[in-house]
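Could you build the full structure based on these sequences and the hints that come with them?
Chains as they are written, first to last, in the working numbering: chain A, 1 to 496; chain B, 1 to 496.
Note that these hints are calculated values from the structure, not bench results. Be aware that one or more of the hints could be misleading.
Any copy, or any two copies together, can satisfy a pair, since identical chains are not distinguished.
No more than 30 Å apart at the CA atoms, straight line, and that leaves these computed lysine-lysine pairs for DSS-like [said to hold, decoys possible]:
| # | residue 1 | residue 2 |
| --- | --- | --- |
| 1 | 207 | 233 |
| 2 | 12 | 347 |
| 3 | 347 | 425 |
Protein chains: 2
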Amino acid sequence: MAGPKQKTRRPKAEAPKGFRDWMGAELEARAAMLARVTEVYRRYGFDPLETPAIETVEALGKFLPDVDRPNEGVFAFQDDDETWLALRYDLTAPLARFYAQNQLHLPTPYRRYAVGPVWRNEKPGPGRFRQFYQCDADTVGTPTVAADAETCAMLADALEAVGVARGDYLVRINNRKVLNGVLEAIGLGDPEADAAARGAVSRAVDKLDRLGPDGVRLLLGEGRKDESGDFTKGAGLSAERVEIVMGFVGALRDDASATLGALRDLVGRTRAGAEGVAELDEIATLLDAQGYGPDRVRLDPSVVRGLGYYTGPVYEAELTFEILDDEGRKRQFGSVAGGGRYDDLVKRFTGQATPATGVSVGVDRLLSALRAIGRLEADSAGPVVVTVMDRARMADYQRMVAELRGAGVRAEVFLGGGNLGKQMKYADRRGSGVAVIMGEDEAARGVVQLKDLALGARLAAEIETNEAWKAQPAQIEAPRGELVAAVRAMLARAGG
Amino acid sequence: MAGPKQKTRRPKAEAPKGFRDWMGAELEARAAMLARVTEVYRRYGFDPLETPAIETVEALGKFLPDVDRPNEGVFAFQDDDETWLALRYDLTAPLARFYAQNQLHLPTPYRRYAVGPVWRNEKPGPGRFRQFYQCDADTVGTPTVAADAETCAMLADALEAVGVARGDYLVRINNRKVLNGVLEAIGLGDPEADAAARGAVSRAVDKLDRLGPDGVRLLLGEGRKDESGDFTKGAGLSAERVEIVMGFVGALRDDASATLGALRDLVGRTRAGAEGVAELDEIATLLDAQGYGPDRVRLDPSVVRGLGYYTGPVYEAELTFEILDDEGRKRQFGSVAGGGRYDDLVKRFTGQATPATGVSVGVDRLLSALRAIGRLEADSAGPVVVTVMDRARMADYQRMVAELRGAGVRAEVFLGGGNLGKQMKYADRRGSGVAVIMGEDEAARGVVQLKDLALGARLAAEIETNEAWKAQPAQIEAPRGELVAAVRAMLARAGG
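Okay, structure coming up:
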């Protein structure tokens, strides 16, 4: 309890910095969207998994307790026995821990999906929160790129399931091995000795969307000065080698076999490159067999994906329609999901290589995309509000809502204070379709008044409604015994 | 990254102490149960709210940063700006913060439901976890006990919605004010001066279920020695006063009006008592009007509820059927939900009294109750497994699952390694209903083999199945073009 000195100070009613609340229709829209995505995951044979929010820092792996407070990027704290714990920062690291822990009891391959919040201890910014949702599907324990192909097909299905039209999205696939082949071809073949230069090349390539080919060329060569005058040192490649890399990121052709041909020309002589091209070829064949053509899924050598742990195919789902950005300029909506093959995450625990591939959907990004195209779903119909005209009749009003609820109609008695006007304002705020009124006079005559609030709202919004008003009066009287039927009829009218 | 000395040490693949993973059918059963409960909440007019997992310690309120590490009972950690943060330990404290923060933009009364994990930094034990789910519904901003009555009715509806039969549960209602009247009647009327003795009486009464009337009598008087020989000091009441308290906890009669009469006799002369009895009377009347009789909802003066913050009606949902405990003894399943009126939680932030009432369902308790009565729901049907007889035909197999998924059938190609036997074992482990087989011979003849795995399992389980076997062969051949229809027919047969 508070000491005496704190007695007078009130706590601030605020969510912590970088955290937000979700309510009502927005929350329902998210739930509806996630239900559709996970239904697709399920149809592809994935089973649900929920790991706890907290893992040991050791298991999360990115961070180790060699400093007093290892909370760089994660929310970390020490358990009573001094073990460092942290909130998960994604859903993949916990999956690796879970799989390593339960391997013997799981089918092989193990397909799981997971939905839930993750936490990042980062500086919050506009639209940038420290808790956000992810929605992942991973296949653990199989090396075949058929699993990668399936994941790409599934991603396309999931986007269509939530309401993104075919033609408004593209799943783009590349292969880290092809990039490794390119690095080998330009003399940076040793992952350890050439680590710095390889990293610089990868980062440069990853910026193609943002900087365009010329910007990437500068970053591959000497370096680039940005608009603010800041200089980023480049990878220092010779002009000839820059063009090999640019040939790679620009290897996208009109169809998969032409793209594959261009890649083969570039890196087919390197071992990693040949392997990577063969895998992409297999993926393209399998997707084609399932009917996923280049209008939905496409090989695209410009996809790199930031995460260091990918070891093979990488993929990204991009929404191709345009929206207006904060400055009112048109731009493509961009990436909403991505993933790839990671063969070493489980090995950290077991010492055995365990091939795995999977995708993560950025839930908030996808939700804001659906908002932009008007495809948010939410069953946000407010409750029927039974008004309180006479407090002594509270039992009668409760009986009415009990009847309505029993018939599956969302309903409540107004439990606040105030006159009919205030009660109507409440009903309006709730988005109610119907208000029920029964005062002394109605009770004596055995009737109720039903106010059509949806119609009322339309009438207020439209001009040319005199005729509609006459044809559909906004208030009707019904016998008390027909309350449920009359309310239903009015709600149906509102819905039509 | 790890320093050189850690390079050889592998992290332990274990969830932290007191945390667990949820997977497959169990997770689906929980989701199905929560969907049913929240559907009832919705029907009563409640809207969803999701607050973040993390709140400031100041807002959570039970703990204050006057020690270096205020993590007693909660998982707490310091933000970059030194603010103490903690994982929420329930869903009510965040609601109070949210309401205080957004009051002006919310309807009054504000009805919200919330579902999600909460965290307690406590010693874990068998079946006792440090992360668990709660499922709450609260009405904020109205003083009328009609809100309490509704919450009790809703609790009854929710229990029936998840499959608890009428007669197998009871929602019991009491009122803290009546207990306060009892305390006044025995000379402990001052909440501050008599705090210690009042606490001792409340704790004694709360143990009625566990210790029976004689045990409570001892705790109200001099004290009680338990089986282990430990002595608990009592409240030190005189014999006469002990009997007044026992009269209160034993005031349950056959019907509400008789119970109310008994309470009126005991505490009707005290102000708190009279007010409490009048409120219970109103609740009973309203519930009766809605058709919730004593077979579902009942006034019961023995309900106390531990939490100090309740200020009026308190209620508890109890499952009355018997289960076997760990020692094989029969006992009632007991409480699965509880709540009550708390008028001071929002006041902490705003300084203004804000009446509120609400209920919290213990999700794991209710889930294990449903397990005990065989009412767990889960759509745990495994996927149709298309086996891989010939790796060169992978594209054909992928085409088959694409057709099945397109028709809404859960399906996957086997992506592991191994012969048909191993693939059948995998299908079995996944709970698959049907396996599809197409080798060279079938491909040449344009057919597929379908194996009825559900039937196979039944055949293996039953003895007298020779006839069934003949009537329903466990494997049939179908034209490749009729794959979807044939699989559907086989799945339908399995379901029948």
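Hints, one by one, checked against the model:
1. Taking CA atoms no more than 30 Å apart as the test, residue 207 paired with residue 233 passes inside one copy only; the shortest distance there is 14 Å, against 72 Å between copies.
2. Within a single copy, residue 12 and residue 347 get their C-alpha atoms only as close as 46 Å, which misses the 30 Å cut-off; across copies the closest is 12 Å, which meets it.
3. Within a single copy, residue 347 and residue 425 get their C-alpha atoms only as close as 61 Å, which misses the 30 Å cut-off; across copies the closest is 25 Å, which meets it.
In this structure, none of the earlier numbered hints is contradicted; all agree with it.
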